[in-house]
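Sequences are here, hints too, so could you generate the full structure?
Heads up, the sequence shown is in the working numbering, so the first residue is 533 and it goes up one at a time.
No lab work stands behind these hints: they were computed from the structure.
Some clues are possibly wrong.
Mimicking DSSO-like on lysine-lysine, the simulated pairs with C-alpha atoms at most 27 Å apart in a straight line are [stated by the list, open to error]:
1. LYS767 / LYS779
2. LYS748 / LYS822
3. LYS822 / LYS722
4. LYS883 / LYS822
5. LYS722 / LYS661
6. LYS679 / LYS629
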Amino acid sequence: MLINEISRKLGITARAIRFYEQKGLLTPAKQKENGYRTYTEQDAWRLQTIISLREVGMTLEGIRQTLAQTDLNQQEEVLSALQMQRSMLFQQWTEMKQIIGTMDQMIQAAQGSSILPTDLLYELAQQSKELRDLRASWRDHWDFDRKALQFDELLHPASSIVDVTENGLLNDIEMSSPPVYSSYEATLDKIAQLISPSHGLKGLDVGTGTGNLAGKLQQIGLTMSAIDQSKQMLKLCAAKYADIELKLGNVLAIPFMDNTFDYVVSSFALHHLTEAQRELAWGEMLRVLKPGGIVCLADYMMQDRNEADVFLANLISTKATKLPMMHEQVDLYMTHTHITEWLLSHTSQVKSEPLGNSIYVVYAQK
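See below:
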């Protein structure tokens, strides 16, 4: 095919085709006698791929990398790139929803006043910016991709792992913190018992890791989806539970539409967030939960702020400040009073149950 023929076939301008050629994304053969470019069916497929990826907002460099992986038949890497693009688009979508909401508030404020309420408009704009910055503030201080292969092994009851130090060696500081995962299976069982799901309803596991909670709930009848910010964790989860719908993303911009799930659950994930991030995360969980749906969260929690302050002081006294959990925004474990008070103000029903070792399960109905 000549350029005009492939242009008509794909509904794209010749100018756009030349642009992609100039960027090195397309390299058609040239006829020796006249230098005309000729396009094969493979070129047409490649051009369709470029158009599709541009349509979903992928950068030219991202497309270049994706095409290179496709050429090498690296299907897993291509899927990973698409998942990453979807996650980015969803974060942009949640930010746009927030901006539109802020604009509506500004319009309402302006309509209710004879004088433009500049101070109020500025305050609303600042609040919007703070939320946008908060969504972008997540950092993986724990290197979960590297931990993924050993994750299930470290959940064994014989393990007394708190976290991993800079050199990768396990650091046991159980004198100053609860033994991590000693009650792991019991906690997952308690979540399953509390939500007592009906067969065929939809559930979401947030921060799924290798999918242990999602897999358990799937086995008792839920149609499960799960998200995690670690590609390697999701890869292992997919190998264990092929029927679970997996999405790359984090809890500050959950990559699903509003009112999608009957149940939203999370286990031992939220203590990786700062206090401000947690409130945004809880709001995101309620956003994707259907009216009347159930959210059930399990994690390490201090009873109140005083207990949290004592716990942090004990950690510092053990010189555990090089642990990845001790980053610059450290809040460590959430407080039980904080999450229950927040849920009481945003849901219709809240229940909580202590499981020992500073583990609580909190249940709420939207």
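The hints, checked one at a time:
Taking the CA atoms of LYS767 and LYS779, the gap is about 11 Å. The hint holds against a cut of 27 Å. Among the hinted pairs, LYS748 with LYS822 is consistent with the structure: their alpha-carbon atoms are about 21 Å apart, no more than 27 Å. Under the criterion of a C-alpha separation no larger than 27 Å, the hint pairing LYS822 with LYS722 is consistent with the structure, at around 22 Å. Using a Cα cut-off of 27 Å, the hinted pair LYS883 and LYS822 holds, with the two alpha carbons roughly 19 Å apart.
Only pairs whose Cα atoms come within 27 Å are accepted, and LYS722 paired with LYS661 is rejected, the gap being roughly 39 Å. Between LYS679 and LYS629, the direct Cα distance comes to roughly 34 Å. Violation of the 27 Å bound is thereby established for this hinted pair.
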